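Residues 43 to 252 (the numbering used here) make up the sequence shown, in order.
The hints are simulated quantities; they were obtained by calculation from the structure and are not laboratory data. Incorrect hints may appear among the rest.
Derived DMTMM-like pairs: lysine to aspartate or glutamate, alpha-carbon spacing no greater than 25 Å straight-line [claimed, not checked]:
#: 1; residue 1: Lys240; residue 2: Glu227
#: 2; residue 1: Lys240; residue 2: Asp157
#: 3; residue 1: Lys146; residue 2: Asp61
Now the in silico label distances, taken between C-beta atoms and shown as ranges [stated by the list, open to error]:
#: 4; residue 1: Asp153; residue 2: Glu100; range: 40 to 50 Å
#: 5; residue 1: Leu60; residue 2: Ser238; range: 35 to 45 Å
#: 6; residue 1: Ser238; residue 2: Met102; range: 43 to 53 Å
#: 7; residue 1: Gln232; residue 2: Leu68; range: 51 to 61 Å
#: 8; residue 1: Glu198; residue 2: Asp108; range: 16 to 26 Å
#: 9; residue 1: Leu68; residue 2: Val147; range: 39 to 49 Å
#: 10; residue 1: Arg95; residue 2: Ser154; range: 18 to 28 Å
#: 11; residue 1: Glu65; residue 2: Leu163; range: 44 to 54 Å
#: 12; residue 1: Ala224; residue 2: Leu60; range: 40 to 50 Å
#: 13; residue 1: Ala180; residue 2: Trp109; range: 35 to 45 Å
#: 14; residue 1: Ala224; residue 2: Ala196; range: 11 to 21 Å
#: 15; residue 1: Ser128; residue 2: Leu60; range: 55 to 65 Å
#: 16; residue 1: Tyr106; residue 2: Ala180; range: 35 to 45 Å
These figures come from a predicted structure and were not determined experimentally. Quick reminder that beta carbons are idealized off the backbone N, C-alpha and C, glycines included.
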Amino acid sequence: MRAELRARLESWPRERLLDFAVEQFLADPQLRHVLDGPVEAGGADAALSRRLRRAIDEAMGVQYVDWREVPGYIARLERLLGDIRSFAEGYPVEGVAVLRYFVKVLPRVFDSIADEDELALFCAQLARVTLGLAARVAGAARTVAEELLAAYVADEHGRFSEVPELLVEAELPADVRREVAAAAEALAIQVTRRDSHKSRELGSLVARLR
């Protein structure tokens, strides 16, 4: 019965479906709590989220990518990023969660890719997309910014070197900029002895964010 109803509703034009939904909400005010609650990915969308995460894991499972294979591998990552971006357009909360997972696990292949420059370009692309979509999700921008900062600090070969500039360019709310600046300041102190250059870069980022 449920599947039959869903199939019939899917055949309706979008405007007719919206009008029908509005009429139901007007007829039964108790349904308003559905609108007031958070929108979560469910059913097919939750399944797509899982498939995207599996696709990320599969892409991270490479042993080594030599010079001749790098363009094809980067194209694979870019297609995957495009799929996640499309998913996030409809389901931003779940989509940003998948992007954050991508940022988290990408370092697994850092030592497996022959061309670090191509990888750095993709890292910048991933960071830019993640920051842009996080701005649409309440509370996500600060978390994403701090996670990208952590990825930048942990990266010893410049794959995430564009992160500071991207954070400056990002249209972050003033309070988020202050929080990210504070996080960058704390990281600058932590890495002073280990990487004085990166510490100075973080210090410069703090000044620009404030």
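Now the hints, each set against the structure:
1. A hinted pair counts as satisfied when its Cα atoms are at most 25 Å apart, and Lys240 with Glu227 qualifies at roughly 11 Å.
2. The suggested pairing of Lys240 with Asp157 holds, with an alpha-carbon distance near 22 Å, which does not exceed 25 Å.
3. For the given pair, Lys146 sits about 42 Å from Asp61 by alpha-carbon distance, which is inconsistent with the 25 Å threshold.
4. At roughly 18 Å, the beta carbons of Asp153 and Glu100 sit outside the given window of 40 to 50 Å.
5. The hinted range of 35 to 45 Å is not satisfied by Leu60 and Ser238, whose Cβ atoms lie roughly 58 Å apart.
6. Look at Ser238 against Met102: about 32 Å separates their beta carbons, and that is not inside 43 to 53 Å.
7. Here the CB-CB span from Gln232 to Leu68 is close to 56 Å, well matched to the stated 51 to 61 Å.
8. The supplied range of 16 to 26 Å is met by Glu198 and Asp108, whose beta-carbon atoms lie about 22 Å from each other.
9. Between Leu68 and Val147 the beta carbon distance is about 46 Å. The supplied range of 39 to 49 Å therefore holds.
10. Range check, Arg95 to Ser154: about 20 Å between beta-carbon atoms, so the 18 to 28 Å window is met.
11. Taken as a hint, the range 44 to 54 Å holds for the pair Glu65 and Leu163, whose Cβ atoms sit roughly 50 Å apart.
12. At roughly 43 Å, the beta carbons of Ala224 and Leu60 sit within the given window of 40 to 50 Å.
13. At roughly 43 Å, the beta carbons of Ala180 and Trp109 sit within the given window of 35 to 45 Å.
14. The hinted window of 11 to 21 Å between Ala224 and Ala196 holds, with their beta carbons roughly 19 Å apart.
15. Checked against the hint of 55 to 65 Å, the pair Ser128 and Leu60 fails, with Cβ atoms roughly 22 Å apart.
16. Between Tyr106 and Ala180 the beta carbons are some 41 Å apart, a value that agrees with the proposed interval 35 to 45 Å.
The structure fails to meet hints 3, 4, 5, 6 and 15 from the earlier list, while all remaining hints are met.
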